[in-house]
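Asks: Sequence:
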Amino acid sequence: MKKTKQKRNRILPSTKYQIRDTAYEHGQALVMLISFVAIAIVVISSALINMFINMTAATRTQVGDIAYSVAESGAENALLRLLRDTSYAGETLAVGSGSAVVTVSGTNPKTIISTGTYGSFKRKIQVVASDSAGILSVTSWKEQ
Numbered sequence: 285m286k287k288t289k290q291k292r293n294r295i296l297p298s299t300k301y302q303i304r305d306t307a308y309e310h311g312q313a314l315v316m317l318i319s320f321v322a323i324a325i326v327v328i329s330s331a332l333i334n335m336f337i338n339m340t341a342a343t344r345t346q347v348g349d350i351a352y353s354v355a356e357s358g359a360e361n362a363l364l365r366l367l368r369d370t371s372y373a374g375e376t377l378a379v380g381s382g383s384a385v386v387t388v389s390g391t392n393p394k395t396i397i398s399t400g401t402y403g404s405f406k407r408k409i410q411v412v413a414s415d416s417a418g419i420l421s422v423t424s425w426k427e428q
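Heads up, the sequence shown is in the working numbering, so the first residue is 285 and it goes up one at a time.
Hints in this document: simulated from the structure, not taken from any laboratory. Small disclaimer: the values here were computed from a predicted structure and weren't measured. One or more hints might be untrue.
What the hints assert, rightly or not - Keeping only pairs whose Cα atoms sit at most 16 Å apart, straight-line, the calculated EDC-like set for lysine to aspartate or glutamate is:
no., residue 1, residue 2
1, Lys406, Asp349
2, Lys426, Asp349
3, Lys408, Glu375
4, Lys394, Glu360
5, Lys394, Asp415
6, Lys426, Glu356
7, Lys426, Glu360
8, Lys408, Asp369
9, Lys406, Glu427
10, Lys408, Asp349
Using the sequences and the accompanying hints, generate a full structural model.
Replies: Written out as structure tokens, the structure is:
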């Protein structure tokens with residue numbers, strides 16, 4: 285009877301159904317999970333930083349465009365004033381939430397410099413116009 289017990293309890297080695305010793309493999313799943321979470325955090329953080337940088341650049345571009353529009357408004361106003369009064373020398377003009385500082389110099393041609401300010405952004409436009417027989421002609425219009 286003892287022999288049968290020994291036969292029953294004896295485990296036969298088999299290459300197909302071996303049980304591995306996992307005594308030293310505790311925590312491997314945790315290491316993989318932490319690795320994947322760390323990679324996900326890096327990817328998400330870089331995407332958020334990129335989005336923030338693009339949003340800031342777009343806002344700066346938009347505010348700069350508004351400042352340019354304010355400067356254009358000041359230059360157009362100066363041209364209109366010069367048509368009505370050839371001795372017009374310039375002014376500070378409120379345009380929406382911005383302001384345009386306009387200066388006119390020269391006799392013929394006249395040089396108009398309009399500086400548009402919106403928030404902390406400034407844009408400057410220089411317009412050169414000549415007057416011949418009451419007709420004011422713009423010869424150049426450029427941003428400085």
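Asks: Compare the structure with each hint and give your call.
Replies: To see whether the hints hold, each was checked on the structure:
1. Lys406 to Asp349: Given pair Lys406, Asp349 holds - Cα atoms ~10 Å apart, limit 16 Å.
2. Lys426 to Asp349: Since the Cα atoms of Lys426 and Asp349 sit roughly 15 Å apart, the hinted pair holds (cutoff 16 Å).
3. Lys408 to Glu375: 15 Å, holds
4. Lys394 to Glu360: With Cα atoms ~14 Å apart, Lys394 and Glu360 stay inside 16 Å; holds.
5. Lys394 to Asp415: It holds: about 8 Å lies between the C-alpha atoms, which stays within 16 Å.
6. Lys426 to Glu356: 10 Å, holds
7. Lys426 to Glu360: With Cα atoms ~13 Å apart, Lys426 and Glu360 stay inside 16 Å; holds.
8. Lys408 to Asp369: Roughly 23 Å separates the two Cα atoms, so the pair is violated.
9. Lys406 to Glu427: Holds - the C-alpha atoms of Glu427 and Lys406 are around 11 Å apart, at most 16 Å.
10. Lys408 to Asp349: 12 Å, holds
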